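Protein sequences, first through last, are from chains A and B. Residues in the first sequence are numbered consecutively from 0, following numbering that gives the first Met the number 0. Residues in the second sequence are numbered consecutively from 0, following numbering that gives the first Met the number 0.
Simulated from the structure, these hints should not be mistaken for laboratory data. Predicted model only: the values in this text are computed from it and were never measured. Idealized CB from N, CA, C, for every residue including glycine. Be aware that one or more of the hints could be misleading.
Unchecked claim - Here chain B is said to cover these stretches of chain A; the calculated rule only asks that three of the stretch's residues, wherever they fall, bring their Cβ under 8 Å from a Cβ of chain B: (1) 44 to 57; (2) 120 to 134; (3) 148 to 159.
Said to hold, decoys possible - Cross-link-like lysine-lysine pairs, in silico, BS3-like; alpha carbons within 30 Å at most: (4) A:LYS46 with B:LYS167; (5) A:LYS20 with A:LYS93; (6) A:LYS20 with B:LYS215.
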Amino acid sequence: MTAIEYFEVECTEPLGGEYYKQITIDVLLDHNLLRVIHKLHIFIDPKVPVFVAVGMLKKITSLVRVRDFANVNPLEGKMILVISDETYLAPMLKIFWQRFGKDHVEQPDRFTVILYDVAVDPKEIEEIVVADPSEALYKDLIYAFRCIAPEGFRVRRETYGKEKFSFISSEDTLTGSADALISEKFRLMGETP
Amino acid sequence: MILVPVTYRGGIYRHDEIVALIEDLGGYIVQKHVLAQEVVLQCFVPKDDIELIRAIAKPLAGEVTDSPLVGTEIAVVIPSLEIHHLPHPACDIAEYTRRLGAKSNMVGMARGVGKRIAAINDEERDVINEHDIAVYVLGNFEVCIEHKMPILRRGVEVPIVLCGAPDKETLQRIIDPPVDGYVGNVGRFMHRTKESDELAKLDEIIAEITLVLEKKREEIAKDPLSVSPARLMDVIKEQVPAIHEVTSPTPLTVQMAGLRVKLPYDTYAGVLKKTEIEDGITIGDVADIVPSRMRDYILVRILPFSSTNTVI
């Protein structure tokens, strides 16, 4: 079922741990996040209380550029962009407005954008970066772990890098030992924090 | 005449005959749902006449089933109304009890989450106490349940059924003083209950609720109510026309020993008090009419025979 190479839930109460394993799988599946996680280790101690999740991420798809969802057709005095996927249309228009001004950008229908009198190479337009999906991924991942973590654990700290992340939460103030705990869990996965 | 709670399910064609029959036999219809071509009646009927209703319903393809939860109002108490508990498992449990005839309300606490920080406030406590029974749906850890349950039940006087992930024996061991019912292996989960073992768990919760309610019914039977709540419902329906203007699904919610009337207290408490049931006896004579903590509703608490010396 899971595409995760390593997945452990460590808990001081074995039965509670089993339930949390199921919750984790359900939530990650619901948020479509199983495909981006490579390794995951969760540690819960309700006595302290503390919830820790550390993991490694798979390589995330690169940046979204104009060429990924639009065809740029240069004509005399104008450039017609034929859009195939509307998802990134809004951020793209925002970038065009900022760069060329609203006078030079027109959108006659949902799937067409026309740029008038723009002194830029069509290739350059194609290469404009519109969005970075990893930013959204970070938000999704943290939201998912907020759902997984026991609800009262509202004091939390999360870190997120290119290929690893950590999430720790508790009801009480997080002390210095939190960092040591995170490092320990990374080591259990065979990774360095 | 002993009235028993049952559910009638049948087609909409000629269902008015069943309605008339139940009323003629001296029964009461607590709730009526019309869903496309189907009618569901939740009602109290005389025990001896169930077979008669079955016989008359047979040509109409209607069926009569026992519904021990008809005429009860259940509070499903959860630590909060966040995604952690909703829609699963809290809604699943509330919906399941509703299918079996109960009127269930969800009580999501403002600060019921966590272990050390869990708390209950006076409004939540009072709202829970307005129900016949409270089903507490707690989480997955023994330590947490042990720690927070004494806080969450503070001041709650109605019977409690506790659901949690530890097994039943563990729950029984950690809760002191004991509550009325326990259902183990139902903790927090994030998927819909549709596997057979999960549905069996829901059935177990219903069985436990039924058991606790039976005990409460026996208690009430020792000192019977001055008037049956279902009858009072009929009286109010007939004599207080404003109740027909209320758009809520159950304008009159029947409880085991009372009634929730979904009309504003200030305007209608006096009207209800003076409403005559029979032979000059008014509702005010046999029941306490108090404001409910739920919106501005009215709560009618029927007094037992011992304090009124009348049974009608």
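Hints not upheld, ascending by number
Of the numbered hints, 2, 5, 6 do not hold.
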